[in-house]
Structure formats: structure tokens, C-alpha cells
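Chemist: In order, the protein sequence lines correspond to chains A and B. If you want this note's numbering, it's the position in the first sequence, counting the first as 1, plus 44. If you want this note's numbering, it's the position in the second sequence, counting the first as 1, plus 44.
Honestly, the hints are just simulated from the structure, not real lab data.
Remember, identical chains collapse to one label, so a pair may be satisfied in a single copy or spanning two.
When the alpha-carbon atoms are kept at most 27 Å apart in a straight line, the in silico BS3-like pairs for lysine-lysine are as follows:
1. 101 - 84
2. 101 - 86
3. 89 - 101
Protein chains: 2
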Amino acid sequence: MCESNAYLRKQGEQDELFLEAVDRVVPYEDGLLLEDIFGKRKMIKARIAELSLVDHKIILERIE
Amino acid sequence: MCESNAYLRKQGEQDELFLEAVDRVVPYEDGLLLEDIFGKRKMIKARIAELSLVDHKIILERIE
Numbered sequence: 045m046c047e048s049n050a051y052l053r054k055q056g057e058q059d060e061l062f063l064e065a066v067d068r069v070v071p072y073e074d075g076l077l078l079e080d081i082f083g084k085r086k087m088i089k090a091r092i093a094e095l096s097l098v099d100h101k102i103i104l105e106r107i108e
Numbered sequence: 045m046c047e048s049n050a051y052l053r054k055q056g057e058q059d060e061l062f063l064e065a066v067d068r069v070v071p072y073e074d075g076l077l078l079e080d081i082f083g084k085r086k087m088i089k090a091r092i093a094e095l096s097l098v099d100h101k102i103i104l105e106r107i108e
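Assemble the whole structure, with the sequences as input and the hints as a guide.
Modeler: Spelled out as C-alpha cells, the structure:
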């Protein structure tokens, strides 16, 4: 499977795991809607800071 | 490998392939920098409209 894990970028700290096994990411009002491969959904006021698909990483940054 | 293909969303038309085998996507000034698994880079004035990783798709939308 080619899903990725979504991490929240923290200044000066290790990135924090937000959602594992993410399949879909769709912009949603002022944030993002993430859906994992099991259909579980999470919303967050954030934007995509970086994708690194070979590393299975989606890095998110909170929008203030 | 878990790279995806990046497509440019076209209103009322089929999405247009922009770059295959994308590994990394990083915001770049007013657009995005895409890098494929071979290190080839392409820039585009666009934003991520949708990710669908199980389908290996990154959908981009041009910024006017």
C-alpha cells in the first residue's frame, strides 16, 4: 500500500504524528480534511508544508 | 515504490499529466516545486487540490 503518515511540523521539536495510513487529503474551508485507508477522517487547520512520498511522509503546518 | 503522478486539473476536461513518479512536493514562492524519484524538478504556479495516494494521484490546480 502506498499511503503515507501525516505529521504536524513543530518548530524546534520532532514532528508529531497526526494520522497514519493517509489515503486522501482534500482542502476544506480554511484547513485540510485527511482520510485514512480505513475511511477515518480528521480535519485540521493546517496546510501542506511538504510531501515526501518515497518516505511516506506528509508534513503539515498549522495555520494560525 | 510509492511515488505518485501529478496531474493538472482542467475545468471540464480530463486532468493533464504534469509529472510522473513524483517523490517530493515543496511550496516554492507562489507555487510548488515537484521532484521526481530521479531528481528531475519542475516548478508550477499551482496549489495542491487533492491527494489520493492509494490511487497514486496528486491533483494540482493552477493559481491565476
